[in-house]
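Colleague: Now for the letters of each chain:
Number of protein chains: 2
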Amino acid sequence: MHEIHPIGVIRSPHQSIESMPIQPKGAAEVTGQLVVEEQYVEGLKDLEGFSHVYLLYSFHQTRRTELQVIPFMDDQPRGVFATRSPLRPNHIGLSIVRLQAIEGNCVTIQGVDVLDGTPLLDIKPYIAKFDGVEASTSGWMQASDEEVKNKRSDERFK
Amino acid sequence: MHEIHPIGVIRSPHQSIESMPIQPKGAAEVTGQLVVEEQYVEGLKDLEGFSHVYLLYSFHQTRRTELQVIPFMDDQPRGVFATRSPLRPNHIGLSIVRLQAIEGNCVTIQGVDVLDGTPLLDIKPYIAKFDGVEASTSGWMQASDEEVKNKRSDERFK
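Taken in sequence, the protein lines are chains A and B.
If you number the first sequence the way numbering that gives the first Met the number 0 does, the last residue is 157 and the count never jumps.
If you number the second sequence the way numbering that gives the first Met the number 0 does, the last residue is 157 and the count never jumps.
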């Protein structure tokens, strides 16, 4: 067992699970803020040089776990670890967002696909040398960019 | 507060922090296994179609937090959220690895940059449509691919 504590909160215009974009790519123009607890502000030093960051956060409105889920972009049940569904063990979410500005304890980000009030667990820089994947295959995920961009959440993961 | 529980354990040839590759790119040929607890095996369905997965894991041998650290690829202190150092609040690590095979509760992966026995918290598919970053800047991180590949860990994060 490992206890985790939020380092801050994510502010976004998304007030409810329904109608939320399902991934940052569907929220490309959506701006939000990371409000970092004062005790951690020193850890933000040097972050401004990065264009993108990973956010780790808690799927705080989803507490049940299901091992098979029907993803938004599909019509068949898939193993939860082959999806980005919140119904996973440990309920930790991962998004890559664009970094816009840092002022004190407030980090402005773009491409926000999480609910307002989401507990923030970590910020990590996206480093192309570490994280760049040149050629990948994406199994069941066959949707077009356009479909991902336009798809909105519904109540299935409440 | 949010309690998290491992879904399994990561097996790797790296027995100690010293001399470990610092990122998957420095461990490109290193094979390891995710040994997933039996109760979660059903969640692995459909994962085999993906070439790459994100692993979330616990930096279990590092329990202290420092807000400024000197990263392996640098010689100046940087804010911990601008680094991938384990000395971060919540001590959660993130790596992208290549998926090789799944047999029962055992997932063979390539590009393992974590210690043997690391508690596994989550597996997420890498989906180029969600996660691909086309142009990014990486702040202080100026090392060449060759330097990242050859760099090895030391005792600083013990």
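What the hints contain is simulated information worked out from the structure, not anything from laboratory work.
We treat Cβ as the ideally placed atom computed from N, Cα and C, and that holds for glycine.
Don't take each hint at face value.
Claimed, not checked - The calculated lysine to aspartate or glutamate pairs, modelled on EDC-like cross-linking and capped at a C-alpha distance of 16 Å, are: (1) B:K44 / A:D74; (2) B:K44 / A:D73; (3) A:K44 / B:E17; (4) A:K44 / B:D73; (5) B:K150 / B:E17; (6) B:K150 / B:E102; (7) B:K128 / A:D73; (8) A:K128 / B:D153; (9) B:K44 / A:E65; (10) A:K44 / A:E2; (11) A:K128 / B:E133; (12) A:K44 / B:D74; (13) B:K128 / A:E133.
Stated by the list, open to error - Partial list, derived from the structure: chain B residues whose beta carbon lies under 8 Å from chain A: (14) L66; (15) R77; (16) G78; (17) D121; (18) A127; (19) G138.
What the hints assert, rightly or not - These stretches of chain A come out as covered by chain B in the derived footprint (C-beta under 8 Å, 3 or more residues): (20) 84-97; (21) 109-122; (22) 126-139.
Colleague: It remains to establish, for every hint, whether it holds in the given structure.
Modeller: Each hint, compared with the structure:
For the hint linking K44 (chain B) to D74 (chain A), the alpha-carbon distance of about 15 Å falls within 16 Å, and the restraint holds. Simply put, K44 (chain B) and D73 (chain A) have alpha-carbon atoms about 14 Å apart, close enough for the 16 Å limit, and the pair holds. Between K44 (chain A) and E17 (chain B) the alpha-carbon distance is near 27 Å, which puts this suggested pair outside the 16 Å criterion. A hinted pair counts as satisfied when its Cα atoms are at most 16 Å apart, and K44 (chain A) with D73 (chain B) qualifies at roughly 14 Å.
For the proposed pair K150 (chain B) and E17 (chain B), the alpha carbon gap of about 11 Å is at most 16 Å, so the pair holds. Taking the CA atoms of K150 (chain B) and E102 (chain B), the gap is near 32 Å; set against the 16 Å cutoff, the hint is violated. With a C-alpha separation of about 15 Å, the suggested pair K128 (chain B) and D73 (chain A) falls inside the 16 Å cut-off, and the hint holds. Distance restraint check for K128 (chain A) and D153 (chain B): the Cα-Cα separation of roughly 20 Å exceeds the 16 Å cut-off, and the hinted pair is therefore not satisfied.
Only pairs whose Cα atoms come within 16 Å are accepted, and K44 (chain B) paired with E65 (chain A) is accepted, the gap being roughly 13 Å. With a C-alpha separation of about 25 Å, the suggested pair K44 (chain A) and E2 (chain A) falls outside the 16 Å cut-off, and the hint is violated. With a C-alpha separation of about 13 Å, the suggested pairing of K128 (chain A) with E133 (chain B) holds against the 16 Å cut-off. Of the supplied pair hints, the one linking K44 (chain A) and D74 (chain B) holds, its CA atoms being roughly 15 Å apart against a limit of 16 Å.
A distance of roughly 13 Å separates the Cα atoms of K128 (chain B) and E133 (chain A); the hinted pair therefore holds under the 16 Å criterion. Among the interface hints, the one on L66 (chain B) holds; its C-beta lies about 4 Å from the nearest C-beta in chain A, closer than the 8 Å criterion. A hinted interface residue such as R77 (chain B) counts as satisfied when its beta carbon comes closer than 8 Å to some beta carbon of chain A; here the least separation is about 4 Å, so the hint holds. With its C-beta approaching chain A no nearer than about 3 Å, G78 (chain B) sits inside the 8 Å limit, and its interface hint holds.
For D121 (chain B), the interface hint holds, since its Cβ comes within 8 Å of a Cβ in chain A; the closest pair sits about 6 Å apart. Residue-level restraint check for A127 (chain B) holds (minimum Cβ-Cβ distance to chain A is 5 Å; threshold 8 Å). For G138 (chain B), the shortest C-beta to C-beta distance to chain A is roughly 2 Å, which falls under 8 Å, so the interface hint holds. With a threshold of 8 Å between beta carbons, the proposed coverage of the stretch 84-97 of chain A by chain B holds, since 7 of its residues qualify and at least three are required.
Look at the stretch 109-122 of chain A against chain B: 4 of its residues bring a Cβ nearer than 8 Å to a Cβ of that chain, three or more, so the hint holds. Taking a C-beta to C-beta cut-off of 8 Å, the stretch 126-139 of chain A contributes 13 residues in contact with chain B, enough for the three needed, and the coverage statement holds.
Consistency with the previously given hints fails for numbers 3, 6, 8 and 10, ordered from lowest to highest.
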